[in-house]
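Line by line, the protein sequences give chains A and B.
Sequence positions in the first sequence follow numbering that gives the first Met the number 0 and run 0 to 164.
Sequence positions in the second sequence follow numbering that gives the first Met the number 0 and run 0 to 220.
Check each hint, because a few of them may be wrong.
[Said to hold, decoys possible] Here are the simulated lysine-lysine pairs, DSS-like style, with alpha carbons at most 25 Å apart: (1) A:Lys37 with B:Lys21; (2) A:Lys33 with B:Lys1; (3) A:Lys149 with B:Lys1.
Please keep in mind that the hints were generated in silico from the structure rather than gathered at the bench.
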Amino acid sequence: MLNDQQLQRLYQYSFSLTTNAHDAQDLLQTAIEKWLRKPASTQQSVQHQQAYIRQIIRNQFIDDCRRQQRIAFDPLDATEPTLFDSRSLDDLVIDSDQVSKLLQHLNSAEREVLFMWAVLEYSAQEISNEIDQPRGTVLSRLYRLKEKVKHLNNPDSYNASEVSS
Amino acid sequence: MKQSLQQASQDFFAEQQLPAKKLQALQAQIQAATLDNKKQPSIYRHNLLAACLVFITAGLISLWTLQSTPNLITQQKMVAAIADEVAKNHIKMKPLDINSNDFSKMQEYFTQLDFLPSTSQHFNQSASQVADHLLGGRYCSIRSMTAAQLRFGDNEQHRTTLYQTEYLPDVFGELPTLEQGQVPLVTYAKGLRIEIWVEKQLLMVSSRQELPGSAKQTIDR
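Build out the structure end to end from the sequences listed, making use of the hints.
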């Protein structure tokens, strides 16, 4: 079934969406309950079990936001700039104690792609496949992420019109 | 202390841990649900198995009788989408990122691609009147996949563009492969003749104004 490490990883994914420990615990709990209500054959046989449960978490997060009349994942403008690929993030550096601050500046969609790129080590195409969004959308979110990291590293050069959540 | 964004993020998320009690409670819940599933009466499992076999058999029969139709419709849609996108880019003729008639310089320029732009045997043969007139290239995309657009032509009226990107069957579906002796698909979009094929494991798409005398495999839209 699921070992402790897998459950912790799912919790960390929930945290990337909510940035709140309590909300992340609730989100994971609800998602696991939904998963357990699926037929046993589905639970065992889904090839990418973790991805399947992440999808349940994601859908639950969207439902929760809708109930609270919040937008779960901000839509992007069609003219948003993009990275050419996720390797453009490889050279980015950040103070290790700034990640928490960075997450506060990211919206849930950007936190999600950060988690998938950094922790799950997915490529842009793999992220696109998992969240069922065009690869261009993923690259746009990564571009925004990159700009926000640059802003954190060098606030004086920040152009307020460039990036917005 | 500065770290790579990836490492710093991994470290941060690794610190986010479910409290031990919550973890134990979840594991207990999962264990209990697993035991409940195992206790289901065998007759239920046998009926379920029988129902599955009937369903699978019916599905296989349907698949056998309708084998080509659904795949063909999906593939036609993909080909149409590629052709539309490429035709749109051809008509816009955005400024080139690099102006050069030297193919090796073009390959050196496209450092942001996951593949190496390559010469095409088919393109060199089918567009022989312009294949020697490389003008330059620019980055573009095909179905959100980063691609290279190479522009050829000897005058404004006879521009030909050749698009290349990594061929992923999961993204683009089955397309004719030159190395397997297959011929390119020919279709039309926005008044342009579009050819689509796979060569050197790259998806290649050419677009140009209709030239007389080409007879290739066509696809109805």
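Going through the hints against the structure:
1. A:Lys37 with B:Lys21: holds, 22 Å
2. A:Lys33 with B:Lys1: Distance of about 40 Å is beyond 25 Å: violated.
3. A:Lys149 with B:Lys1: Answer holds: lysine 149 (chain A) to lysine 1 (chain B) is near 13 Å, not above 25 Å.
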